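J.: Please work from the sequences and hints to get the whole structure.
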Amino acid sequence: MTVVGIIVWLVVGAVVGLAGWSALRALGQATFAHLPWAMAAALLGSFAWSEWFGDFSHWGGELDGLYLVPAVLGAAIVTALYAAGHLMERRGRMV
Amino acid sequence: MPEGVARIFTSPAFAWLWLVARMYLGYQWLEASLHKLSDPAWMTTGEALKGFWERAVQVPPPPARPPIAYDWYRDFIQFMLEREWYTWFAKLVVVGQLLVGIALVLGAFTAIAAAAGAFMNMNFMLAGSASTNPVLLVLGILIILAWRIAGYWGVDRVLLWAVGTPWEPGALVRRAMRHIDMGRWLRHGPRVT
Chain A
1 MTVVGIIVWL VVGAVVGLAG WSALRALGQA TFAHLPWAMA AALLGSFAWS
51 EWFGDFSHWG GELDGLYLVP AVLGAAIVTA LYAAGHLMER RGRMV
Chain B
96 MPEGVARIFT SPAFAWLWLV ARMYLGYQWL EASLHKLSDP AWMTTGEALK
146 GFWERAVQVP PPPARPPIAY DWYRDFIQFM LEREWYTWFA KLVVVGQLLV
196 GIALVLGAFT AIAAAAGAFM NMNFMLAGSA STNPVLLVLG ILIILAWRIA
246 GYWGVDRVLL WAVGTPWEPG ALVRRAMRHI DMGRWLRHGP RVT
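Going down the list, the protein sequences come from chains A and B. Under my numbering, read the first sequence as residues 1 to 95, first letter to last. Under my numbering, read the second sequence as residues 96 to 288, first letter to last.
Hints in this document: simulated from the structure, not taken from any laboratory. Computed from a prediction, not measured in an experiment: that's the story for all the values here. C-beta: ideal position from N, C-alpha, C; glycine also. Don't take each hint at face value.
Covered stretches of chain B (in silico footprint by chain A; criterion: 3 or more residues with CB under 8 Å from a CB of chain A, positions within the stretch not fixed) [said to hold, decoys possible]: (1) 117 to 130; (2) 200 to 214.
Computed Cβ-Cβ distance ranges for the label pairs, DEER-style [stated by the list, open to error]: (3) I7/A / E98/B: 52 to 60 Å; (4) E149/B / D64/A: 43 to 51 Å; (5) D64/A / P229/B: 48 to 56 Å; (6) F53/A / N218/B: 21 to 29 Å.
T.: Quick look at the structure:
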């Protein structure tokens, strides 16, 4: 990934992370302290799918080393899993 | 361990982190094994492993240093090399890598798979091959530490509940144990009544 790819990755991660956190906030399940974790989940998910597994999912084309659709999907999936895990922990469903 | 750090290794709220970590690690193991599966040098003759072992046991004249730092490990590799164990050991390595990769991707017995992978990384490094092994070893150790939740978004979610651990048997094991007469079991072996 180079400059434009990195910028798009950061934007995708920030937007999806913010959306996930906002959803939790709307449910009354998150404070501002949870925002960095939602962002981290979105950024890692986005990076992981585009960078590590992008070779077999070139959907949406490549943008300076970033596979766009895998990046958005990865961010959405991992943020959703963060939110789900967060809700399960709050309901006391520990392992 | 501080509570905040402990949560990263035990709370479902952080299971996403370990899902990504184990997918990466599993993918690396799968990638390492898949091309070997159709390679006769690995799956038939073992010549690929023989070559690796032969290079590993070499001791160059000083000041150059041998690939293997420990004499006992060099003796161990030499022992296997002389007995031509590479013919079956190569298959063991490939199948081991494949199973570790599958288990990590699925999140099935994640900690055991990560431990098996870390053991292989350790052996590759002892044999003088650094490559990606240090990173994979550290990642494997972290996944072992997060054993409670590393497979939470995977098959372990059910397996840990059903099988449990040696110190806390799961639901299925407890149910099976209730039907076993321990006295009979010790005398005659495991007969379910």
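J.: Please go over all the hints and tell whether each is borne out by the structure.
T.: Status of each hint after checking the structure:
1. 117 to 130: holds (count 3)
2. 200 to 214: This one is violated; 0 residues, fewer than the three required, reach chain A with a Cβ under 8 Å.
3. I7/A / E98/B: 52 to 60 Å: Given about 36 Å between the Cβ atoms, the range is violated.
4. E149/B / D64/A: 43 to 51 Å: Hint holds: Cβ distance 44 Å, inside 43 to 51 Å.
5. D64/A / P229/B: 48 to 56 Å: The hinted range 48 to 56 Å is violated for D64/A and P229/B, with Cβ atoms some 30 Å apart.
6. F53/A / N218/B: 21 to 29 Å: Given about 27 Å between the Cβ atoms, the range holds.
Consistency note: the structure conflicts with the earlier hints numbered 2, 3 and 5.
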